[in-house]
Amino acid sequence: MKREVDLKEISDGKLYGINDMVKADCGDCKGCFACCQGMGQSVVLDPLDCFRITQNLSCTLEALLGSELELNVVDGIVLPNLRMKGEGEKCGFLNQEGRCRIHSFRPGICRLFPLGRVYEDEDFRYFLQIHECKMENRTKVKVRKWIDTPDPKHYETFVRDWHFFLKGLERKIEEKGDQVFANQVSLYVLKQFYLTPYDGSQDFYDQFGKRLEAASLL
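If you're matching positions, the sequence shown starts at 1 in the working numbering and goes up one per residue.
Since the hints were made in silico from the structure, they are not lab data.
Just so it is clear, the structure is predicted and the values come from calculations on it, not from any experiment.
Check before you lean on any hint, since a few could be wrong.
Pairs of lysine-lysine residues, derived as DSS-like cross-links and limited to a Cα-Cα distance of at most 25 Å, are as follows [stated by the list, open to error]:
#: 1; residue 1: Lys140; residue 2: Lys30
#: 2; residue 1: Lys134; residue 2: Lys14
#: 3; residue 1: Lys176; residue 2: Lys191
#: 4; residue 1: Lys30; residue 2: Lys153
#: 5; residue 1: Lys23; residue 2: Lys153
#: 6; residue 1: Lys145; residue 2: Lys134
#: 7; residue 1: Lys142; residue 2: Lys153
#: 8; residue 1: Lys14; residue 2: Lys142
#: 9; residue 1: Lys14; residue 2: Lys191
#: 10; residue 1: Lys8; residue 2: Lys134
#: 11; residue 1: Lys140; residue 2: Lys8
#: 12; residue 1: Lys145; residue 2: Lys30
#: 13; residue 1: Lys23; residue 2: Lys134
Derived CB-CB ranges, DEER-like [what the hints assert, rightly or not]:
#: 14; residue 1: Cys59; residue 2: Pro150; range: 19 to 25 Å
#: 15; residue 1: Glu97; residue 2: Val73; range: 29 to 35 Å
#: 16; residue 1: Lys210; residue 2: Arg111; range: 22 to 28 Å
#: 17; residue 1: Phe105; residue 2: Gly13; range: 30 to 36 Å
#: 18; residue 1: Val141; residue 2: Val118; range: 18 to 24 Å
#: 19; residue 1: Met135; residue 2: Arg171; range: 34 to 40 Å
#: 20; residue 1: Glu213; residue 2: Arg99; range: 37 to 43 Å
#: 21; residue 1: Ala34; residue 2: Gly177; range: 37 to 43 Å
Heads up, the beta-carbon is just placed ideally off N, CA and C, and yes, glycines get one too.
Please model the complete structure; the sequences and the hints are all you need to start from.
Here it is in structure tokens:
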């Protein structure tokens, strides 16, 4: 999701790599769940997020749509996101105590927070959002540890490939200026990368790579 803001206004002015230390550790949040409510449609899910959630909950994506998840247009393409609902517009995966029910397999955006990503030159770096997290006295932690994702090298390759694939589709949609084409692209992306199940016994990244290679013909 695009953010038309000056990075200098929302960050500490630094860019970080996976092995850098950053002041992001909020000490297990200690009862705070401010970032898990009122987020609108901003917690957009990538294919790995949906794979992890459906595999761990032993359900299909369709079973979660309309309850914990929903579909919305993101930069011209329909993608799933966490659904905020009820009083306080809370994430549907929060329990009664305001703790995340899917914390061990939470989405990538949740793992990042309060970090963000800035993309340039066919790659990306991390930055610290200084106004987003309400917790004070955060401590330093290595970006790799904070993200808490197995096989970070393959994960970063996936994040980069997925982002620039979507940006390429976005440009094609803008060039075509045809809503029918935009709808076809959205349906293809949803079926190819989200609705068609991945084999849980096989490596996700290998499966994703094959689907991405097939989709490059779009």
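Here is what the structure says about each hint:
1. Lys140 x Lys30: holds (17 Å)
2. Lys134 x Lys14: holds (20 Å)
3. Lys176 x Lys191: Distance of about 22 Å is within 25 Å: holds.
4. Lys30 x Lys153: The hint is violated at about 30 Å.
5. Lys23 x Lys153: holds (22 Å)
6. Lys145 x Lys134: holds (21 Å)
7. Lys142 x Lys153: Holds, at about 15 Å.
8. Lys14 x Lys142: Holds. Lys14 to Lys142 sits at ~14 Å (cutoff 25 Å).
9. Lys14 x Lys191: It is violated: about 38 Å lies between the C-alpha atoms, which goes past 25 Å.
10. Lys8 x Lys134: holds (19 Å)
11. Lys140 x Lys8: Holds, at about 20 Å.
12. Lys145 x Lys30: holds (19 Å)
13. Lys23 x Lys134: holds (13 Å)
14. Cys59 x Pro150: 19 to 25 Å: holds (22 Å)
15. Glu97 x Val73: 29 to 35 Å: holds (34 Å)
16. Lys210 x Arg111: 22 to 28 Å: Check passed, 25 Å falls within 22 to 28 Å.
17. Phe105 x Gly13: 30 to 36 Å: holds (33 Å)
18. Val141 x Val118: 18 to 24 Å: holds (19 Å)
19. Met135 x Arg171: 34 to 40 Å: About 38 Å separates the Cβ atoms of Met135 and Arg171, which means 34 to 40 Å holds.
20. Glu213 x Arg99: 37 to 43 Å: Holds, at about 39 Å.
21. Ala34 x Gly177: 37 to 43 Å: holds (40 Å)
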